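Those protein sequences? They're chains A and B, same order as listed. To convert, note that position 1 of the first sequence is 1 in the working numbering; the numbers rise steadily by one, no gaps. To convert, note that position 279 of the second sequence is 279 in the working numbering; the numbers rise steadily by one, no gaps.
Just so you know, these hints were derived from the structure itself, not from any lab. Everything numeric in this text was worked out from a predicted model, so none of it was measured. For glycine and all other residues, C-beta sits at the position ideal for the given N, C-alpha and C. One should not assume that every hint holds.
Calculated cross-link-like contacts (lysine-lysine; reagent style PhoX-like; alpha-carbon spacing at most 25 Å) [said to hold, decoys possible]: (1) A/LYS212 <-> A/LYS228; (2) B/LYS28 <-> A/LYS228; (3) A/LYS26 <-> A/LYS39; (4) A/LYS26 <-> B/LYS228; (5) A/LYS28 <-> B/LYS228.
Which residues of chain B face chain A? A partial, calculated answer using Cβ under 10 Å [as the list claims (entries may be wrong)]: (6) LEU18; (7) GLN22; (8) LEU23; (9) GLN30; (10) GLU32; (11) VAL56; (12) GLU113; (13) THR177; (14) GLU184; (15) PRO238; (16) PHE258; (17) TYR259; (18) ASN277.
Computed footprint of chain B on chain A, listed as stretches where at least three residues anywhere in the stretch have a Cβ under 8 Å from a Cβ of chain B [said to hold, decoys possible]: (19) 180-186; (20) 236-244.
There are 2 protein chains.
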Amino acid sequence: MNNIKRILISGGTHGNELTGVQLIRKWKAQPELCEAKAKGIELSTLIANPPAVLAVRRYIDQDLNRSFSLNSLNDTNPSMSVEAHRAKQLNALYGPKGENTQTDLILDIHNTESNMGISLILSEANAFTQRASAEIASEFSGVFIYFQPEERSQSPYLGTLARADVCIEVGPQSHGTLQAGLFEKTEQVVYRFLELAQEWNEGVLQNKPKKKLSVYTHYKDIDYPRDKNNNISAMIHPDLQGQDYVLLEQGSPLFRTFYGEDVLYTEAKTLCPIFINEAAYYEKKIAMTLTSKSIEEW
Amino acid sequence: MNNIKRILISGGTHGNELTGVQLIRKWKAQPELCEAKAKGIELSTLIANPPAVLAVRRYIDQDLNRSFSLNSLNDTNPSMSVEAHRAKQLNALYGPKGENTQTDLILDIHNTESNMGISLILSEANAFTQRASAEIASEFSGVFIYFQPEERSQSPYLGTLARADVCIEVGPQSHGTLQAGLFEKTEQVVYRFLELAQEWNEGVLQNKPKKKLSVYTHYKDIDYPRDKNNNISAMIHPDLQGQDYVLLEQGSPLFRTFYGEDVLYTEAKTLCPIFINEAAYYEKKIAMTLTSKSIEEW
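Work the whole structure out from these sequences, hints included.
Here is the structure:
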């Protein structure tokens, strides 16, 4: 990756995820707080989905953060939803998605109700985002790296409007609420990303020794057990609740049915669950995501 | 209170509070589970706000559980919201609110994101609900009694359609999700209420010795600090988060501003906060409710 000239920091991509919303409001009131950390870099801040923020809902018509594939952006269907329209507007303002984008880096701030601490979600191998994430994961406690490889042109995430991106996923926090500790930690993590972008432009970051760390790579999503009417028939097992990033072994409980029976994890492969019991994923039929843990040098 | 002839158990009064929704679905599929506990009593189960349950939102147009005052029920304004219409329908089915109601007791199951365990909310002094709540609070751990006196005819709560009611408030649980442990405990608490209703009809419950217990009585609600544009300017303090029902003393921290300053509790009166950081109450301008704790014999 060449010099980082323009960075976009976004929040409110989902309107009920308030850490990003309030941080962006703070930085719009005092842009110097961010500018001091990234000298020589052009910074923008963005509330990505204002109608959803106003309604304190994830989205109005469709999930904005599933609206940025090239196919979606090029769809000329005139009956556009609020979010399809907004995605095209953001693509014009900060893209266009692809080689000629105006934006080098997007940091998109999200919340989850799962016990995922600060998870740095990378959707492709990128020299800067890997090095910077590795530094941050080694400096802060409770920061995890989740690698979710995506073909970039068809990836639906806001961050893919830029050459590189990190989705900063912060939890556990109930949607529509704020946790002060998470707000303050997220703020520090974003400042550190900005400092590291400046170090990158100075040629410092790429010459630091790599860090050995745990990387959690997407393996597969798991749905809830369902009855013959396709309604969920079980809940996350009490022993699994909050155990994001903890190794799941064969025979461990996954679910508890409404009639008190346990549903166990039967696969031989040892994996780590994340996004356990995230409200927004009930409609996406995801009870949790399983990841494989590896030790890597980034 | 005379014999309890008809009981209504309701859930989904708020469409994103899933413990009640799933318990009611379970009991509609197997009504004998409840009937076995309350012989000789006519039982009904109700999903109170089906459109909101379908949308997994608290409400569609207005809060259903603020729609049952006599004034609201008698309002003949023809441009009715989904919930104003539903409230009148439920009043016809289970009321009419007042002396001639068909329903002796409503148990209305709710969730909160606050750390309130199972809170039994009583809105008036009533011989049966006080005795039964006292028994349950002494039998189960983590059950609290919150007394919120209301003039019954103008009280806006669904439960006031009946002669007596208990609002069973269950947390902490993020809206739109389920916690298996809370589901199972709530189920047991409802079964115990049904057994105690039968004991009441048999003349047994009213002759048991009273229990000495802690009662938390509504004192006042507290809003978030706000800026000149009326936006919130602070979050629940990290030290206060989750400290529902814990005594709050003068000088204790209440809030943390977005700029890292602490806002303290300055009153001399020692009170207990509840509903700390409940998402649904941001729009109602309630950061927490303060209660006064007393030891009573019920």
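Structure-based check of each hint:
no.: 1; hint: A/LYS212 <-> A/LYS228; verdict: 47 Å, violated
no.: 2; hint: B/LYS28 <-> A/LYS228; verdict: 16 Å, holds
no.: 3; hint: A/LYS26 <-> A/LYS39; verdict: 19 Å, holds
no.: 4; hint: A/LYS26 <-> B/LYS228; verdict: 14 Å, holds
no.: 5; hint: A/LYS28 <-> B/LYS228; verdict: 16 Å, holds
no.: 6; hint: LEU18; verdict: 9 Å, holds
no.: 7; hint: GLN22; verdict: 6 Å, holds
no.: 8; hint: LEU23; verdict: 8 Å, holds
no.: 9; hint: GLN30; verdict: 9 Å, holds
no.: 10; hint: GLU32; verdict: 13 Å, violated
no.: 11; hint: VAL56; verdict: 7 Å, holds
no.: 12; hint: GLU113; verdict: 4 Å, holds
no.: 13; hint: THR177; verdict: 5 Å, holds
no.: 14; hint: GLU184; verdict: 7 Å, holds
no.: 15; hint: PRO238; verdict: 5 Å, holds
no.: 16; hint: PHE258; verdict: 5 Å, holds
no.: 17; hint: TYR259; verdict: 8 Å, holds
no.: 18; hint: ASN277; verdict: 5 Å, holds
no.: 19; hint: 180-186; verdict: holds (count 4)
no.: 20; hint: 236-244; verdict: holds (count 4)
Hint compliance for this structure: hints 1 and 10 are not met, and every other hint is.
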